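**Student:** Take 0 as the starting number for the sequence shown in numbering that gives the first Met the number 0 and just add one per residue.
In short, the hints are calculated from the structure, not lab data.
Hints should not be assumed to be uniformly reliable.
Cβ pair distances, simulated, as ranges [to be verified]:
no., residue 1, residue 2, range
1, SER131, LYS335, 27 to 33 Å
2, GLU10, SER360, 20 to 26 Å
3, GLY286, LYS1, 30 to 36 Å
4, ILE209, GLY286, 23 to 29 Å
5, GLU243, LEU9, 42 to 48 Å
6, SER239, GLY49, 17 to 23 Å
7, VAL208, SER57, 50 to 56 Å
8, ASN283, SER360, 37 to 43 Å
9, GLU2, TYR268, 36 to 42 Å
10, LYS144, LEU382, 39 to 45 Å
11, LEU47, LYS335, 24 to 30 Å
12, LYS1, LYS347, 53 to 59 Å
13, ILE343, LEU382, 32 to 38 Å
14, VAL76, LYS144, 52 to 58 Å
Bear in mind the structure is a predicted one, so any value in this text is a computation, not a measurement.
Glycine included, each C-beta is placed from N, C-alpha and C at the ideal position.
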Amino acid sequence: MKEISYKELLELSKDSYILVDTRNEGSLKYGMIPGAVSITHELFETDLEGVCNRLDKSKQIILYCTRGVVSVDDAAVLSEQGFDAVSLKGGYNSYLSAMMEAQDNEAEEELNEKTAEIEKSIRKKFHKTLFSPFARACKQYELIKEGDHIAVCISGGKDSMLMAKLFQEIKRHQKVNFELTFLVMDPGYSDVNRKLIESNAKLMGIPIVIYESDIFDAVDTVDKNPCYLCARMRRGHLYSKAKELGCNKIALGHHYDDVIETILMGMLYGAQVQTMMPKLHSTNFEGMELIRPLYLIRQDDIIAWQRYNGLHFLQCACHFTETCDSCSVDGTSASKRLETRNLIAELKKVNPYVESNIFRSVENVNLATVIAYKQDGVKHHFLDDYDK
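Kindly produce the complete structure, drawing on both the sequences and the hints.
**Tutor:** Below you can see the structure in the form of structure tokens.
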């Protein structure tokens, strides 16, 4: 199947082709190549006629996925239908590489101006939606205390990168004395993904500390629940390195939407009522805590900030799938998480307060109306004290 490079794409007249992004809905939130239209790979398998009806046979069809693997097959399918279809070599990653190369060639003054614009957007345009709920969560849940040394764990995604900038901003106010280390663990990233993290950190003015681990190699040999194992191993590595660097807390980038999806997923698929806590004491690393300062920030607001600043972040770099449909940041199934997210969206059409109601439900638990609950590993049943 014929492929086209990103450089060759730039040389084409924009009127001569249609650029098609075949990645899934979750991937699109991390950015698209400008001018592309979204037709997911799934539709090529479930509604090929509908796909063909959306395209123009008088133009060349250029398809891309994340790494240019799945899009080769999709281009072959369209070719069989009479289209002049090709796959973008290297996929979306080739576009990111071109963006990073352009950034590397920018003068330091231009880079500093972009960094300043990103910081200004947090202080001005997105102060109400990003900084205010960040500061409120830190205060409400007592996430930052005097003398803390916090390891801000950066995965390379939009959430953790924003978290790093918000920590820098709140430190400027310096209401309490605390230290920050911006920690990046490389579990076995490809060169382009490692470069993307380093490039974004430079652009955003984040002084990162990078260290390597072999997690990807370790989970490559696991058949059952590799994503869950990967998430557990990553957290353990982060705790260990953070403690080694003198930190007493690690900060992760889970946001409000992660919280409400976790609550509902626990009920629907886990038969339990539980939540993603704003902070936790580590059970394996004495004296260490985990905090989630994006706890009150909405995902749509993070995406709005990302797009406003024209930023492109790492989605997932695991070896298991092309588009990383199979995993999520906490190791849960992304398909189930997406299903839960869509359910919440449908419920919101009828009840605009459904999201806040789900969130508040775990703040308003009445034990007198609960059949049973667990505390410190011990199960308590309402019949235990019913006749007393």
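**Student:** None of the hints should be skipped; say for each whether it holds.
**Tutor:** Cross-check of the supplied hints:
{"no.": "1", "hint": "SER131 / LYS335: 27 to 33 Å", "result": "holds, 32 Å"}
{"no.": "2", "hint": "GLU10 / SER360: 20 to 26 Å", "result": "violated, 55 Å"}
{"no.": "3", "hint": "GLY286 / LYS1: 30 to 36 Å", "result": "violated, 58 Å"}
{"no.": "4", "hint": "ILE209 / GLY286: 23 to 29 Å", "result": "holds, 24 Å"}
{"no.": "5", "hint": "GLU243 / LEU9: 42 to 48 Å", "result": "holds, 45 Å"}
{"no.": "6", "hint": "SER239 / GLY49: 17 to 23 Å", "result": "violated, 50 Å"}
{"no.": "7", "hint": "VAL208 / SER57: 50 to 56 Å", "result": "holds, 53 Å"}
{"no.": "8", "hint": "ASN283 / SER360: 37 to 43 Å", "result": "violated, 30 Å"}
{"no.": "9", "hint": "GLU2 / TYR268: 36 to 42 Å", "result": "holds, 40 Å"}
{"no.": "10", "hint": "LYS144 / LEU382: 39 to 45 Å", "result": "holds, 41 Å"}
{"no.": "11", "hint": "LEU47 / LYS335: 24 to 30 Å", "result": "holds, 27 Å"}
{"no.": "12", "hint": "LYS1 / LYS347: 53 to 59 Å", "result": "violated, 44 Å"}
{"no.": "13", "hint": "ILE343 / LEU382: 32 to 38 Å", "result": "holds, 34 Å"}
{"no.": "14", "hint": "VAL76 / LYS144: 52 to 58 Å", "result": "holds, 57 Å"}
In this structure, the hints that do not hold are numbers 2, 3, 6, 8, 12, in rising order.
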